[in-house]
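Novice: Read off the chains here:
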Amino acid sequence: MPVHIRFDVSPTEGLPEAIFGHATFANQGDGPIAVLPIQMDSASLALEIRDGAGNPVGLPPPPVPNPEAHPIELAPGAVYEVEYPGFMPQWSEPGRYQARARLVGSDAHSDWVGLDITAAPPGAGR
Amino acid sequence: MTQLRVELHTERRDQIVPGEFGVVAEFTNTSDTVAHLNTAQAERPALALEIRDAQGKTVLLRPPHAPEKGEGGPGEPIEPGATLTIEYVGFLDRSLAPGRYEVRYFSQYEPLGGTREEPLAAEWLSFEVAAPSDKFEIAEPLLEPTIFIEPRGFRFYWNWIKRYWHYFWCYILRLFGRESCGRVVTRNVDEPRTEVMTDAPPGFEAWNGTYGWRARFRLQVDQTRCRVTVTIRVRLVGAITAAQRTAWENAIEAGWSNGFKFCCYCCCCRTGYTIVSNIEFVDSGEDQVVNVGNTTTNMGNWGRNDTTAVSHEFGHMLGALDEYYTVDGTAWGQPWQVGAGIMNNPNEGPLARHFGVVERAVEAALGTSCSTRATSADC
Numbered sequence: 001m002p003v004h005i006r007f008d009v010s011p012t013e014g015l016p017e018a019i020f021g022h023a024t025f026a027n028q029g030d031g032p033i034a035v036l037p038i039q040m041d042s043a044s045l046a047l048e049i050r051d052g053a054g055n056p057v058g059l060p061p062p063p064v065p066n067p068e069a070h071p072i073e074l075a076p077g078a079v080y081e082v083e084y085p086g087f088m089p090q091w092s093e094p095g096r097y098q099a100r101a102r103l104v105g106s107d108a109h110s111d112w113v114g115l116d117i118t119a120a121p122p123g124a125g126r
Numbered sequence: 001m002t003q004l005r006v007e008l009h010t011e012r013r014d015q016i017v018p019g020e021f022g023v024v025a026e027f028t029n030t031s032d033t034v035a036h037l038n039t040a041q042a043e044r045p046a047l048a049l050e051i052r053d054a055q056g057k058t059v060l061l062r063p064p065h066a067p068e069k070g071e072g073g074p075g076e077p078i079e080p081g082a083t084l085t086i087e088y089v090g091f092l093d094r095s096l097a098p099g100r101y102e103v104r105y106f107s108q109y110e111p112l113g114g115t116r117e118e119p120l121a122a123e124w125l126s127f128e129v130a131a132p133s134d135k136f137e138i139a140e141p142l143l144e145p146t147i148f149i150e151p152r153g154f155r156f157y158w159n160w161i162k163r164y165w166h167y168f169w170c171y172i173l174r175l176f177g178r179e180s181c182g183r184v185v186t187r188n189v190d191e192p193r194t195e196v197m198t199d200a201p202p203g204f205e206a207w208n209g210t211y212g213w214r215a216r217f218r219l220q221v222d223q224t225r226c227r228v229t230v231t232i233r234v235r236l237v238g239a240i241t242a243a244q245r246t247a248w249e250n251a252i253e254a255g256w257s258n259g260f261k262f263c264c265y266c267c268c269c270r271t272g273y274t275i276v277s278n279i280e281f282v283d284s285g286e287d288q289v290v291n292v293g294n295t296t297t298n299m300g301n302w303g304r305n306d307t308t309a310v311s312h313e314f315g316h317m318l319g320a321l322d323e324y325y326t327v328d329g330t331a332w333g334q335p336w337q338v339g340a341g342i343m344n345n346p347n348e349g350p351l352a353r354h355f356g357v358v359e360r361a362v363e364a365a366l367g368t369s370c371s372t373r374a375t376s377a378d379c
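Residue numbers (my numbering), protein chains in the order written: chain A, 1 to 126; chain B, 1 to 379.
No lab work stands behind these hints: they were computed from the structure.
Among the clues, some could well be false.
Computed footprint of chain B on chain A, listed as stretches where at least three residues anywhere in the stretch have a Cβ under 8 Å from a Cβ of chain B [claimed, not checked]:
1. 32 to 43
2. 59 to 65
3. 88 to 100
Not close to chain A: a few residues of chain B, all C-beta gaps over 12 Å, as computed [as the list claims (entries may be wrong)]:
4. Arg12
5. Arg13
6. Asn38
7. Thr39
8. Tyr109
9. Glu123
10. Asp190
11. Val196
Yeah, the Cβ is synthetic: ideal placement off N, Cα and C, and Gly gets one too.
Next comes chain B alone, as it looks inside the complex (with noise of 0.2 Å):
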């Protein structure tokens, strides 16, 4: 468990200008002692904030300076329960494509706040990268004096080398026996979860609220299989038919299997890992419990009946948030619309960011960074 606790905030979403969105990262030590963050390292975007497209493809950053003198070591202290802030601004690249993009602090690295165990990482803030228009003004980035001159083509160039020197370097480990990809982590994952949902329009105000609940599942990632499998022992309450509970475990591990996989910064399965779903009912040992009724009134109370809406209950325990009226901030616009996923419209299937706590749980289990994909795309 880290010491440190870090949110992002930011005060528009939508419609942004590049060169001009910022986020405050907040952190807080949520243990009994002292905790420190290098806050020089930490303020440079390149080294603490991952970035990522709407199909879940990685937007790099310009390249942090080089460390000065004096930059190392563990950093300012944290007393438990106090905050430190630091503000990004400026940090996006002015060509960034219109759309919707996700980006959140991440660090593996103790003077950052995490280690390779348990990165620190913060929640995925989502935002809207405008279309270019005359009426935005161009400003100059805040922060990150552009000393570093990015000829076009040189991205393509770095890139190219990047990738080939990790395949150079997994061959050498491989060579020498220091990785075999023959790993089977196992691990339980039980993370807190809330919502605050606002702007329900009239008729139903009722839903305007604070929500609160675990997402709890075991996890397997399977490097000989390249699979991850996510496993919510559920334990029934009442009243309900073997074809039932079959029909229910047949929609939800159709729904959220094998569309999406992690691809994951290491030597081993470097086409991604495929994302398998699976809902066992048991009598004990239990995730989630499930109070079997008519209708579908929540996470803990479904449908007998119900194939649709228990889908959409299974996300919540995997940790996705509701994704209509406005939620923590972020305007999903009505239920049920077209295209926007399974956390929106139940009738659909899940879309890349509702695996973000299992990525999370991956990335933890590696001990490096991953990004969620669908089947079909590249790593």
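Same shape as in the complex, but just chain A (with noise of 0.2 Å):
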């Protein structure tokens, strides 16, 4: 499948809920995509992250899949854009993290990008 993923993080440093994701899935083949946009909406299904000594972290589970949802067509050179607030979840430990998305049915994922999960102050959350 002839998708090019591009994944960036801003800032690259901070709170969880403060770090923001945005990916890009392109279409870069001669021919459609079929794919259920909340396989590129959902953080649950679309990322992978990885700790500092690389095990992985879980996300929450991803919604029940709607029956009602039908694939979108990705046509040849169009591109998905995906914002992703927050994506970490809240209870990571302060370190070294990395993050790629992913398009599952496919080899296709964007190179890993680092971010670094900052303590939060006293008295926040718990």
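Two chains, two frames, some hints: make the complex.
Specialist: The structure is reproduced here in structure tokens:
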């Protein structure tokens, strides 16, 4: 599946809720690609995260798949953009992480992007 | 915090024959010091296992053998990080009615790894008893040779005696002021949850994966009102109107409140503690952060106009797992089944098992065992 995925985070350092992810899924092939939008919209389905030791970081489960949802067609040359506000779990320990976007069902994934989670100030959340 | 963690495993969960069904309990010392487990006692299913049916009603096990000399004491040492396993086979009555049941390890006794304040409890493990069939050969139980002959009707009288002895004992305690039933216990719960989803059909393979989150809430057990209130404090990030927020609140609180109660083995609230769920939107001190967006994409990202999926996500916040495809080895089938409950079909309400994490927290708060039942059912 000729999909090119680009993934960025901004800022690259901060509290989990402050880290925004931004991905583009670009069809670089000659034919259309059918894909369920939720596969790209849900961080749980589209993102892979690992901690500083390389261990996978689990995200909460995705929503129950909607039986009425139909795949969209990504035409050749078309780009699907998604934002993932605060995609890092709020209970993430301070430290270095890496994240990337992927499209399950294909080999396509973005490069790993590094980010640093900082400690929450005392009294914030629990 | 108990030193031991216990997990139950089984090779087969569906269409099992009661007399042959077995589970393995795996005890792991998660502390930095040596823990103890009295395996002579822990090996006895009636002392260590709890079974409940689909309605949450306790299934009684055969009484244990009388203790033998030398079976007291703290038991075997388990080094930090070490694991010990105990296998239980043939503990279910062979006449157990077909249907879905759940089993777990549970003890609030120190020789068995728990305390009254912090019982040692495994996750409930569900299994389904097959309807009797000629093709099943009824095997003799492998454990617990039946030296206890149980005439028909004995269990009825035994339960009757136990119940009224309990009432009598409670009366004595209250008479002498040892049990006032005026306690209001509050505690914060924070429990890591994981689930492994498999068997998603073609087109939905993306759902296969390992997910992790934390169930966090404030629990209040109020004996004066016979009520358990679960409050999740949520801090919202993103734009939402007051009306949209109220719609979330109404949908969640109506769906997760007043339908179930906890029946606990204690002298107070003998008709049960009604479960009331509450979502509170806060600016700080939150249990969960929710990003507001156009659609609900997981537990931490809710659609501002969605009142269906968010109630399902609230279930995850309470610790409930998904119940579609295959989760942790249990095959639930397709999502959106009628009558399958909110963790399969977000259009529906919760089921008793969805309060499992809350139930454990109530047990820890009261120091006794509880079961979840419909509000209309007897305790």
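Novice: Determine for every hint whether it applies to the structure shown.
Specialist: Consistency of the hints with the structure:
1. 32 to 43: holds (count 6)
2. 59 to 65: As far as the segment 59 to 65 of chain A goes, the hint holds, because 7 residues have Cβ atoms under 8 Å from chain B.
3. 88 to 100: holds (count 3)
4. Arg12: Check passes; 25 Å lies beyond 12 Å.
5. Arg13: Per Cβ check, arginine 13 (chain B) is outside 12 Å of chain A; nearest 21 Å; holds.
6. Asn38: 35 Å, holds
7. Thr39: 33 Å, holds
8. Tyr109: Given that every Cβ of chain A is farther than 12 Å from that of tyrosine 109 (chain B), nearest at about 31 Å, it holds.
9. Glu123: Holds: least Cβ distance 16 Å, greater than 12 Å.
10. Asp190: 7 Å, violated
11. Val196: 10 Å, violated
In summary, the structure is inconsistent with hints 10, 11 from the numbered list given earlier, while agreeing with the others.
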